[in-house]
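Enquirer: Given next are the chains, with one letter for each unit.
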Amino acid sequence: MPLLDVRNLTTSFHLRSGVVRAAQNISLQLDRGETLGIVGESGSGKSVTCYSIMRLIPQPPGRIESGEVLFDGQDLLQVSEAQMRDIRGTKISMIFQDPMTSLNPYLRISTQMIEAIRVHEKMDEKQALSKAITALEEVGIPDAASRVRSYPHEFSGGMRQRVMIAIALINDPDLLIADEPTTALDVTVQAQVLDIIKERQQRLGTAVILVTHDLGVVAGTCDKVQVMYAGQVVESGAVDQIFYEPQHAYTQSLQKAIPSLGEKNEALYTITGTPPDLAKPISGCAFYPRCPYPKIKGEEGDPPQLVERADGHCVRECGHCDRSKPIESVLAQEVTEAAE
Amino acid sequence: MLKFVLSRFLQGLLVLLAIYALTFVLVALTPGSPFSSERAIRPEILAQIESFYGFDKPPLERFWTSLTNAIQGEFGPSAVYANRSVTDIIGEAFPVSIQLGAISLLVALGIGIPAGILAAVKRNTWLDYLPMSASMVGICLPTFVLGPILVLIFGIILQTLPVSGWFGPEYMILPAATLGLFYAAYFARLTRGGMLEMLNQDFVRTARAKGVPESTIIWKHCLKGGLIPAITYLGPATAGIISGSFVVETIFQIPGLGQWFVQAALNRDDFLILGLTVLFASLIVVMNLLVDIIQVALNPRLKYEK
Numbered sequence: 138m139p140l141l142d143v144r145n146l147t148t149s150f151h152l153r154s155g156v157v158r159a160a161q162n163i164s165l166q167l168d169r170g171e172t173l174g175i176v177g178e179s180g181s182g183k184s185v186t187c188y189s190i191m192r193l194i195p196q197p198p199g200r201i202e203s204g205e206v207l208f209d210g211q212d213l214l215q216v217s218e219a220q221m222r223d224i225r226g227t228k229i230s231m232i233f234q235d236p237m238t239s240l241n242p243y244l245r246i247s248t249q250m251i252e253a254i255r256v257h258e259k260m261d262e263k264q265a266l267s268k269a270i271t272a273l274e275e276v277g278i279p280d281a282a283s284r285v286r287s288y289p290h291e292f293s294g295g296m297r298q299r300v301m302i303a304i305a306l307i308n309d310p311d312l313l314i315a316d317e318p319t320t321a322l323d324v325t326v327q328a329q330v331l332d333i334i335k336e337r338q339q340r341l342g343t344a345v346i347l348v349t350h351d352l353g354v355v356a357g358t359c360d361k362v363q364v365m366y367a368g369q370v371v372e373s374g375a376v377d378q379i380f381y382e383p384q385h386a387y388t389q390s391l392q393k394a395i396p397s398l399g400e401k402n403e404a405l406y407t408i409t410g411t412p413p414d415l416a417k418p419i420s421g422c423a424f425y426p427r428c429p430y431p432k433i434k435g436e437e438g439d440p441p442q443l444v445e446r447a448d449g450h451c452v453r454e455c456g457h458c459d460r461s462k463p464i465e466s467v468l469a470q471e472v473t474e475a476a477e
Numbered sequence: 010m011l012k013f014v015l016s017r018f019l020q021g022l023l024v025l026l027a028i029y030a031l032t033f034v035l036v037a038l039t040p041g042s043p044f045s046s047e048r049a050i051r052p053e054i055l056a057q058i059e060s061f062y063g064f065d066k067p068p069l070e071r072f073w074t075s076l077t078n079a080i081q082g083e084f085g086p087s088a089v090y091a092n093r094s095v096t097d098i099i100g101e102a103f104p105v106s107i108q109l110g111a112i113s114l115l116v117a118l119g120i121g122i123p124a125g126i127l128a129a130v131k132r133n134t135w136l137d138y139l140p141m142s143a144s145m146v147g148i149c150l151p152t153f154v155l156g157p158i159l160v161l162i163f164g165i166i167l168q169t170l171p172v173s174g175w176f177g178p179e180y181m182i183l184p185a186a187t188l189g190l191f192y193a194a195y196f197a198r199l200t201r202g203g204m205l206e207m208l209n210q211d212f213v214r215t216a217r218a219k220g221v222p223e224s225t226i227i228w229k230h231c232l233k234g235g236l237i238p239a240i241t242y243l244g245p246a247t248a249g250i251i252s253g254s255f256v257v258e259t260i261f262q263i264p265g266l267g268q269w270f271v272q273a274a275l276n277r278d279d280f281l282i283l284g285l286t287v288l289f290a291s292l293i294v295v296m297n298l299l300v301d302i303i304q305v306a307l308n309p310r311l312k313y314e315k
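Heads up: the sequence lines are chains G and S, in that order.
Just remember that the working numbering sits 137 ahead of the position in the first sequence, which is counted from 1.
Just remember that the working numbering sits 9 ahead of the position in the second sequence, which is counted from 1.
Hints are not guaranteed to be accurate.
[What the hints assert, rightly or not] Listed next, the in silico DSS-like pairs over lysine-lysine satisfying Cα-Cα at most 30 Å (straight line): (1) S:Lys-229 to G:Lys-268; (2) G:Lys-259 to S:Lys-229; (3) G:Lys-259 to S:Lys-233.
If you're looking for bench data, these hints aren't it; they were derived computationally from the structure.
All chains, full assembly: derive it from the sequences and hints.
Expert: Put into C-alpha cells, the structure is as follows:
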C-alpha cells in the first residue's frame, strides 16, 4: 500500500465570476522515502493539489468536490477537522513558497517552534525548547541556542526557509509537502535548502512532494514527476521517462523552453499564448491553442484521457495533432516561418 | 527604547510650545477683548481692569509672563468669572470629565474590540454583518441624536435611569453609553480591519499547517498585529473622550470640561482658552507617546528601526 494514494481529486473555487476548476481528477501515488515532483506553470493547479491534500483550501470559496486522499489507508477527506489537525504537523507537514511571510513576525522563533511541538505532544517548555534548538542545528543554523530567541525579521530569507524546514520536520512527519520552497531564494541558497531536505529524507525515510516550476530542481531531486497543465495532469512517470521520453506536447515544449548553456545568439524558445481561463469549461485538449504540432482536427471534441502505459508512464493523449514529425523539426520549422 | 521615549518626549514639548505660541497669537489677534461689553465702560475703569490683568504691557512681555507662569502650572485668573482662576475651573471640571471619559472608554473598548474580532473571525456571516451594520449606524448617528433617543427609552418610557444631572453612579450610565457607543463603533471597524488583515497573512496558513487550533491562531498569532489600528486610534480617542464632550455634557447637564471649551471661546476668556488648549494638547501628546510605546512593545520589528 502506498503511503499516499490520491484518487480523482477535484477542487474548485466558487467565485462570483464563475466556478474555477483549479484541480481536476488528480491522481497520484507516493511511497515512503520517495520524492514526487509536481511541475507546471503558475495557475496549473500544483499548489491547489497540495492544499487539498492538507485540507488547507479556504472554504468558501474553495470546495473539494470529489475524490479520495488515502494516507496510510485513511481517507483524509472523510476525517473530522480535529483529527485532521492531529495529522497536520505530525504525519504531514508543509513548507511554503515565501519564507519572508510564512513566519509570524510578532512571535519569537522559539515560540513558533515550541508551539509546533506542544500542539501535538505533552512536553514541558524546557524540553520543547531544547528539541527546537536541536532542530535548528540540524538545518544548519549557527549558534542556534541563542538565535532561537530571535524574531523572524532578524534572519535572512534562506535562514528563514531553514527555520520553516526545521518546524515542518520537528515532529518527524511521514510526508513533507514543499510548495515551491526555493522559488523566493537565490540559486546558491536554493541548492543548500534542497540538500537539507534531501539529507533529512534519506535519514528518516520521509516521502516528499516537491512543487516547483524549475525542471532542473526536479531532475536533481525527484524519483517521479507529474506535469500539470490547466488543472489537469497531462503526463506523469518516473523522472527518466519524463526527461528522456517526454510524450505530451506540453512537456516537450517545456523542455525546449529551458535555456541551455553554450548556445549563444539563439532566441530562447517560449510557449506562445497563455493558459486557458479555468472559469470556462474546456472541451477537447486544454493545450490545443498553444500546441506547436500541426493540427489535424478542430479544437472541439471529447477531452483526452490520461492513459497509463505498461511501464507506468501516463500521458493525456489528444489525437488532435499530427505527431509524425519530432518536436525539434516542428519547432525549427516554426522558427523559419517566423523569420520569413 | 529609553532613547526613543526621550526623543519623543522632547518632540512633544516642542509641539506644546508651538501650540501655546500659536494660540496666544491667534487669541491676541482676534478683535475685541474679554472686557468689551454692550454697556459703555468709562475709559479709566477699563484701563484699570486692563492693567489688573496685565493687558497694558507690550505683547512680547505678556507672552513671556504667561508662558513662564504656564510652565509652573499657573494659567492666571479667568478674565470673565471673577475670583476664579483657570486652574480652579479645570480642577473642578476635569475630574468629572475624566470619570465620564474613563467609563465611556471602557464601554467603547469593551464593546468595540470584541465585536470587531468576532466580525473578522466570522466574516461574511450574519455575525459579521450584524455588528458591522450596527457600527455603521453608530458612526453615522451623532451623539446629539443617540443621547436623546437613549433618554427617551430609558429615562422617560422605561423610567429606569435618570435623564440628566451628575449625582451618582446611575447618572453616569446614559452619558457614558452615548459617548462610548459612538467610539465603540469606530473601534469595532478598526479592529475588524486589522484582524482581517492578519487572518489573511501567510503565517496563518503556516500555523494551520502545523495543526494549531483556530482559537490559538486568533488569540496568539493574530491579536497583537490585529489590534494595531485600534491602538493607533486609541491615543486621540482617549484625549478627546476624557477632555469632555460639549454635546453630551449639554444633553445630560454634566459639569464637565467640554462646556468650558465653548464658554471660553464665546466669552473671549483669553486665559481660559489658553489653559484649556494646553491641557488638550498635552493630553494628545501624552496619549500618542503612550500609544507609540505600546506599539513598539507589540511589534518586534519596530524596536530596531528606531
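Enquirer: For every hint, state whether the structure bears it out.
Expert: Evaluation of the provided hints:
1. S:Lys-229 to G:Lys-268: Roughly 21 Å between the alpha carbons, so the hint for Lys-229 of chain S and Lys-268 of chain G holds.
2. G:Lys-259 to S:Lys-229: Roughly 19 Å between the alpha carbons, so the hint for Lys-259 of chain G and Lys-229 of chain S holds.
3. G:Lys-259 to S:Lys-233: Within the cut-off at roughly 26 Å; holds.
Hint compliance for this structure: every hint is met.
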